[in-house]
Each structure stands twice: as structure tokens, then as C-alpha cells.
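**Q** The task is simple: from the sequences and hints, build the whole structure.
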Amino acid sequence: MTRLDNRQIDQLRPINIKLGVVKSADGSCYLEWGRNIVIATVHGPKPMFPKHLADSTKAVIDYRYRMAPFSVSDRKNPVPGKRDKEISLVSGFALEKAIDLEQFPNTVIDINSIILSADAGTRAAALTAASLACADAGLPMKGLVSAVASGRANGEFVLDLTKDEEDTFDAVDTAIGVLMPQNEIVLMQMDGFVNQKDWKKIISVGVKGAEKVYELQKKAILEKYPLEGDLQ
Amino acid sequence: MSSILNIVNADNVLKLIKEGKRLDGRNLDEFRNLEIKTGVIPSAAGSAWVKLGNTEIIAGIKFAVGSPYPDSPDEGSMSLNLELTGISSPDFFTGPPQIDAIEYGRVADRALRSSEFIDFKKLSIVSGEKVFVIFIDCIAINADGNLIDATEFAALAALLNTKIPILDENNNIGKELSSDSLPIDLNKIPLSITFEKIDNKILIDPTEEEEFTSNTRFSLGLIKDTIVSCQKSKGGSFSEDEINIMIDLAIKKYDSIIKIIKSLI
Amino acid sequence: MDKKIVIPGEFLTDQRKKLGSNVFLLNNKVYSQVVGLLSESTDYISVVALNGIYKPNVNDGIILIVKDDLPNGYVLEYNSFTDTFLPKSMIKKELKKGQIIFARLSSVNDNDTIDIDHINILPKGRLFNASPVKVPRLIGKNDSMLNLFKNLLKANIVIGKNGWIWYNCDNYLILENAINLIINNSQKSNLTNSIKEYIEKNI
Chain S
1 MTRLDNRQID QLRPINIKLG VVKSADGSCY LEWGRNIVIA TVHGPKPMFP
51 KHLADSTKAV IDYRYRMAPF SVSDRKNPVP GKRDKEISLV SGFALEKAID
101 LEQFPNTVID INSIILSADA GTRAAALTAA SLACADAGLP MKGLVSAVAS
151 GRANGEFVLD LTKDEEDTFD AVDTAIGVLM PQNEIVLMQM DGFVNQKDWK
201 KIISVGVKGA EKVYELQKKA ILEKYPLEGD LQ
Chain A
1001 MSSILNIVNA DNVLKLIKEG KRLDGRNLDE FRNLEIKTGV IPSAAGSAWV
1051 KLGNTEIIAG IKFAVGSPYP DSPDEGSMSL NLELTGISSP DFFTGPPQID
1101 AIEYGRVADR ALRSSEFIDF KKLSIVSGEK VFVIFIDCIA INADGNLIDA
1151 TEFAALAALL NTKIPILDEN NNIGKELSSD SLPIDLNKIP LSITFEKIDN
1201 KILIDPTEEE EFTSNTRFSL GLIKDTIVSC QKSKGGSFSE DEINIMIDLA
1251 IKKYDSIIKI IKSLI
Chain R
2001 MDKKIVIPGE FLTDQRKKLG SNVFLLNNKV YSQVVGLLSE STDYISVVAL
2051 NGIYKPNVND GIILIVKDDL PNGYVLEYNS FTDTFLPKSM IKKELKKGQI
2101 IFARLSSVND NDTIDIDHIN ILPKGRLFNA SPVKVPRLIG KNDSMLNLFK
2151 NLLKANIVIG KNGWIWYNCD NYLILENAIN LIINNSQKSN LTNSIKEYIE
2201 KNI
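Residue numbers (this note's numbering), protein chains in the order written: chain S, 1 to 232; chain A, 1001 to 1265; chain R, 2001 to 2203.
No lab work stands behind these hints, which were simulated from the structure alone.
Just so it is clear, the structure is predicted and the values come from calculations on it, not from any experiment.
Please note: incorrect hints may appear among the correct ones.
Claimed, not checked - Only pairs whose alpha carbons sit at most 25 Å apart, straight line, appear in this in silico DSS-like list of lysine-lysine:
| no. | chain 1 | residue 1 | chain 2 | residue 2 |
| --- | --- | --- | --- | --- |
| 1 | R | K2055 | S | K23 |
| 2 | R | K2029 | S | K142 |
| 3 | R | K2092 | A | K1021 |
| 4 | S | K18 | S | K58 |
| 5 | R | K2188 | S | K18 |
| 6 | A | K1037 | A | K1201 |
| 7 | R | K2055 | S | K224 |
| 8 | A | K1015 | A | K1201 |
| 9 | R | K2124 | A | K1021 |
| 10 | S | K224 | R | K2017 |
| 11 | A | K1163 | A | K1122 |
| 12 | S | K46 | R | K2067 |
| 13 | R | K2124 | R | K2092 |
| 14 | A | K1163 | S | K163 |
| 15 | R | K2003 | S | K219 |
| 16 | R | K2188 | R | K2201 |
| 17 | A | K1015 | R | K2097 |
| 18 | R | K2141 | R | K2004 |
| 19 | R | K2096 | S | K219 |
| 20 | A | K1188 | A | K1234 |
| 21 | R | K2188 | A | K1015 |
| 22 | R | K2196 | R | K2003 |
| 23 | R | K2055 | R | K2097 |
| 24 | R | K2154 | A | K1021 |
| 25 | A | K1175 | A | K1018 |
| 26 | R | K2096 | S | K142 |
| 27 | S | K163 | S | K208 |
| 28 | R | K2029 | R | K2067 |
| 29 | S | K142 | R | K2004 |
| 30 | A | K1201 | A | K1122 |
What the hints assert, rightly or not - Simulated coverage check for chain S against chain A, where a stretch passes if three residues somewhere in it have a Cβ under 8 Å from a Cβ of chain A:
| no. | segment |
| --- | --- |
| 31 | 22–29 |
| 32 | 66–75 |
| 33 | 115–128 |
| 34 | 169–182 |
Said to hold, decoys possible - Over 12 Å on every C-beta distance to chain A, these chain R residues come out as not near it, computed from the model:
| no. | residue |
| --- | --- |
| 35 | R2016 |
| 36 | P2071 |
| 37 | K2097 |
| 38 | L2122 |
| 39 | L2148 |
Glycine is no exception: its CB is placed at the ideal position from the N, C-alpha and C atoms.
**A** This is the structure we're talking about:
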């Protein structure tokens, strides 16, 4: 059984990652995922202002997910809406679990992801890129957050849904973020209508999919640091 | 870059400028390397990624159907918006546009608008009722000075790369793009060229460190040797001679930059 | 031993070894905490980070900038996640906002502030921001890299352990390019020779 875009049910869309693309940031990542394009940057840890927002035991994560006005079919108002703010909140929680925040009390780590082009699965793409930007910044981490969507479309349990699949009559769409390699689920958001048996399959497809994303993340990090070759 | 380093390095910029030199080795009248890629955003009707030295701007074009202005019932319109967000600098915040972003965006917008290089009469849909509105959204990815010119170049390149969307039966924007480009007069393409003055010396295409050191800016919009817009900004002043020197210099720079922009078509 | 790049969360060993920097222990297994170069011997394991901010260590020579001049002392920034405060009683000379100093880090306090002594005021010059994790390579074994800058480029240069580099140099373009090359290629071997070649070719 193949899909509208000829993929296998457990196959990701093409993913292309490059680290260290934004010179002024402490860490950054450019990620293409199908027709999604994301840039994520990290600034910090740095002193938190105003000071009363600081935590004397650990760093605070300020994660912002947002969409460029031209990223969607009808121009989006640049002012972040409720959806952007909610995704920012829960994705920030996912990154909190991955980063060793206790090393940097009273500080803030600004993490920004901007969606330049959107075609389903943007929150997973943004979180995957953000986690790589953190690693690129040299932040101490337990692992990477690898995120992907899984769900159901046309009676099949599929990995990495497209916009068309999200719009099918029986669609279930779940965003899953997994702290790898520990395999801990740190992000999960779903909408749809699904029984327990199907739900188990969807999670299993998602977790296996996150492992595939993780392999691509690892490869992207190693590509930034070739051990041989001319100076660059 | 941390603003504290800009404070420290201002001395250095100043010392070199006195000798007619710049930190990146350029002459005072030399632009940084300009690289432009178009068609970088699949979701946009036109797009461009501009690198001017280390300054990087992405511009994306979207269309909407709107009402014409009462004084021009048969003309489409456009709106340029520049965002300086937390992506490009720890000093920018997500939220309402900051005053700098508003000024940079408006100066770039004015050069494009006054040149009349887009024939807005051809962007009318129903006379007096419906016209195309072009939204040019520019996002700073890396901010290292001269965001005005980089934004204007990105907007231009994106407009030249744009295809007009197909309208549905109700004259709303459809999902597909047509093969039609915008009605652009290639002989009237405007360029923005920006100068800063440091220690009475005029320099073109400033970096962030140079902008920090300078307290006087001048931006020109021009088509070949015709001036279409200008803006003097920041707290310093220019003499009449200096203004004329900058205009001469900008006219000299026009050809080499327009060649890069036209090579994209 | 061949060089190996590791990533955060990567399993390194389940043997009992003395743990160095940037690794953590979970269920008797050792994992990397950062992107970096693995450094392992029979009884010791650590990871050399390839990026990251400055974490204060006693006896480090660091570069600081006067950020604020308050009635009782100075706020100093030093490329870390906190600033520090220097009481006016600790220094005889008066400092100005934006002034650059080189000092020894004498202690790290519980609230993550630091104390400094052996304070030297640096003259006007250029301050360049490198990642502190690149400092060992910028200095080189037995100062080999630093000596290239001093001898071949006639640079007056001070490298702070906190990743800030102060210099005065007529060949500043070659110097900055060389520094950038070291930063971007710090994971490679034989860097001093490659940089020497680069400088000699461009001078």
C-alpha cells in the first residue's frame, strides 16, 4: 500500500538538515521536511530580565514557534495567535526535559523557530530543528528531541501525514516528540476520533518514526564537523 | 552580536575610518558581496533569500483580493513589512514591530513605490471594487547592518520571481499560480543605497558595527540617475555637498547591483 | 586513537572510569552530554565540547568589559551567563564604561558570581568573540598558534579563557580570517601547520 505521494506508510518525507546557518546565534538549524521549511536559533543562556522571572535553581526556556506570513496559502497575520502560543508552550516543555537546565540558574535560553513554508507537521519539524539548534549551541543535554506526526488516513496507520492526509474523512493526527535515545515521550498532541486498539498502533508508528528522525539528526550533526579535508 | 562588543569596537571602527579603512577590508565606497537566491519558499507566490555580507533577509510574496483606494479605483496596491525577530538577534523580540523595523521597512517600501515599476493598473480585477493586493513580507535571518538595502533587494528579487495566482469563479485567490509574472517595467527598477557618516567620512553599505559607531544615515532610492526617494536618519547632519557626493556615488553603484538583480530573471 | 564526534545522549561506555567534563552517568553507563570530541583512556573518559558558553574556573585569565559604572563599583560582563561586580575598593584606578580589562579569576561564589584579582587595563583595541571551547586550539600546544599570530602577523594579542580575544594588529584581516578558520575547523588534526600555511600564503 503506497500513499498519494508514493510513500510507504512508515516512510518519512525527504528531510534535509544543516546546522550553524545563522552566524549571530549561539546555535542554529535549517531544516527542510517535505515542503516544510524551518529555521531555529538559540541565544543564551543569558541573564534573565526582568529579574523576577528568573529561577534561582535553573535556566528558563523561552521557546517561540511562529509562522512567516507567506508560509501558508492565505497570508497569515504576523502577530502570534493562540495556536502559536500553545505550540510554543508545550514544545518548550519538551525541550526542558532534554536540556540540563540546572547548570545555569537565573538565566534564560531563547529558542526561536520560524516556519518559512508550511505543509503539515510544522510543530514536529520546528521542535526537531530547535533541539538540533540547542545541540549546536553546545548546551548540555540528556539527548535530542526527535518529533514527527503519526496518525490514520484512509484506513491506514501512517507516519508523517501530508495536508491531504490530514483532511481525509477518518483522519487522526498526532504530533509526537520523543527524547532520544531514552525513548521518553515529551510531546503529544492529537485530534481525531479513535478507539484504543487503533490508538496503540498510531503511537507505535510515531515512536518508530521518531527513531528515523533521530538517525537523520545524528547524521546532520556529524556533517557539520568533518574530521578530514580542507579548512572551511 | 552582543551590544557590549559594539561599544568596545566602536573605537576600532573609528580609528580605521580615520585612515580610510574598514574592519572588513573594504573601501569606503564598496558594497559587500551580494548573493541572491529566488524561489526558495514553495508556499509563497514569489520569494528570495538575500545575503549581503553577513546580513540575510528572506522575502516572500502573498496576494490577497481587496478594495481599491477611492482615488485610484482601477489600481492594485502593495504593502511591505519587515520583521526583526528573535531569530536574528537576541536584542529583537517577537511581538509588535519595533520602531527600527518600521523605519527600515518604510524606507525600502518608498523606493519601490515611487519608482512606479509595477503597473498597478494591470492588477485591477473588477473596476472600483476588487484589486490585487501584494503583500511583501521580509524577515531578517541574520542582522549585520544595512537592513534597508538588503530588504529592498530581497523584496525586488521576490517580486521579479512572482507568479500571479489564478482567481476562482468568485474572484477570490485560488490555490494555483498562473504562469503570469507581475507587470514590471524592467527599465524602471529602483534600488535602495544607504550610507553612514563616521568622522566626516561617507561610507556605503554599513555593517552593524559601523552603524553603531555612526550617528548619521542617508538612504537613497534611485532608478539609474533618477532619484525616487530618500531618507536622512539618526541624530547627525550632512552638508549640501555631502548629499551630492552620496547621490553621485549611488548613481555609480546602480549598474553593478542592477546587473545582479536582473541576472535572476 | 582515532578522533570521534559524539552527540548528546550517546552511549559511551559501561566500564568504570573516572568521569571528566561533559559526560553523565545513568544506571552505571556513561553518556555524552554535548556535541564534542570523545577523549577516552583506560581509566578516564570525557568529551571536549565543540561549542558552548564560558563556565568560570578559578585561575583562568579572562577578559572583561566594564558594562556599568555604579557609585560603589563596576558591573563587568565576561561572555558568560552572569555578570560580575567589582567593588571600587578593589581597584586603585578608575574605570570607564566600555573599558577592557584582563584579570585572574580568583573565586567562583555560590550565587554564580565571580571574584577577580591581578587586574590589568588593556589599551584600546579590537575585541573578537570566539567560543570559549575553541580557546585551547587558538592558543595551541605550547602556545604554538599564539606564537604564529605574534611572530608572523606581529599581533599584540591577549586570548581570554572566556573566549574573548583582544588584539591590536596591522594585519587584522588575515588575523581574523585565521581565527575564524581555527574556530570552524577545531575538530581537525594538524591545525597549526594548516594555519601557518594560510598565513604565509596571504601575508
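**Q** Next step is simple, just say for each hint if it's right about the structure.
**A** Structure-based check of each hint:
1. K2055(R) / K23(S): 22 Å, holds
2. K2029(R) / K142(S): 13 Å, holds
3. K2092(R) / K1021(A): 37 Å, violated
4. K18(S) / K58(S): 30 Å, violated
5. K2188(R) / K18(S): Cα-Cα ~20 Å, so holds.
6. K1037(A) / K1201(A): 33 Å, violated
7. K2055(R) / K224(S): Cα-Cα ~24 Å, so holds.
8. K1015(A) / K1201(A): 12 Å, holds
9. K2124(R) / K1021(A): 17 Å, holds
10. K224(S) / K2017(R): Distance of about 29 Å is beyond 25 Å: violated.
11. K1163(A) / K1122(A): Given that 25 Å is the threshold and the Cα spacing comes to 14 Å, the pair holds.
12. K46(S) / K2067(R): 15 Å, holds
13. K2124(R) / K2092(R): 20 Å, holds
14. K1163(A) / K163(S): 23 Å, holds
15. K2003(R) / K219(S): 16 Å, holds
16. K2188(R) / K2201(R): 20 Å, holds
17. K1015(A) / K2097(R): 19 Å, holds
18. K2141(R) / K2004(R): 20 Å, holds
19. K2096(R) / K219(S): Distance of about 48 Å is beyond 25 Å: violated.
20. K1188(A) / K1234(A): Answer violated: K1188(A) to K1234(A) is near 29 Å, above 25 Å.
21. K2188(R) / K1015(A): 36 Å, violated
22. K2196(R) / K2003(R): 22 Å, holds
23. K2055(R) / K2097(R): Within the cut-off at roughly 24 Å; holds.
24. K2154(R) / K1021(A): 19 Å, holds
25. K1175(A) / K1018(A): 56 Å, violated
26. K2096(R) / K142(S): 42 Å, violated
27. K163(S) / K208(S): 21 Å, holds
28. K2029(R) / K2067(R): 44 Å, violated
29. K142(S) / K2004(R): 19 Å, holds
30. K1201(A) / K1122(A): 45 Å, violated
31. 22–29: holds (count 4)
32. 66–75: holds (count 9)
33. 115–128: Since 4 is at least three, the answer is holds.
34. 169–182: violated (count 0)
35. R2016: 42 Å, holds
36. P2071: Check passes; 21 Å lies beyond 12 Å.
37. K2097: Incorrect as stated: the minimum Cβ-Cβ distance to chain A is 7 Å, not above 12 Å.
38. L2122: L2122(R) not clear of chain A: closest Cβ-Cβ about 10 Å, inside 12 Å.
39. L2148: About 20 Å separates L2148(R) from the closest Cβ of chain A, which puts it past 12 Å; holds.
When held up to the earlier numbered hints, the structure conflicts with 3, 4, 6, 10, 19, 20, 21, 25, 26, 28, 30, 34, 37, 38 and fits the remainder.
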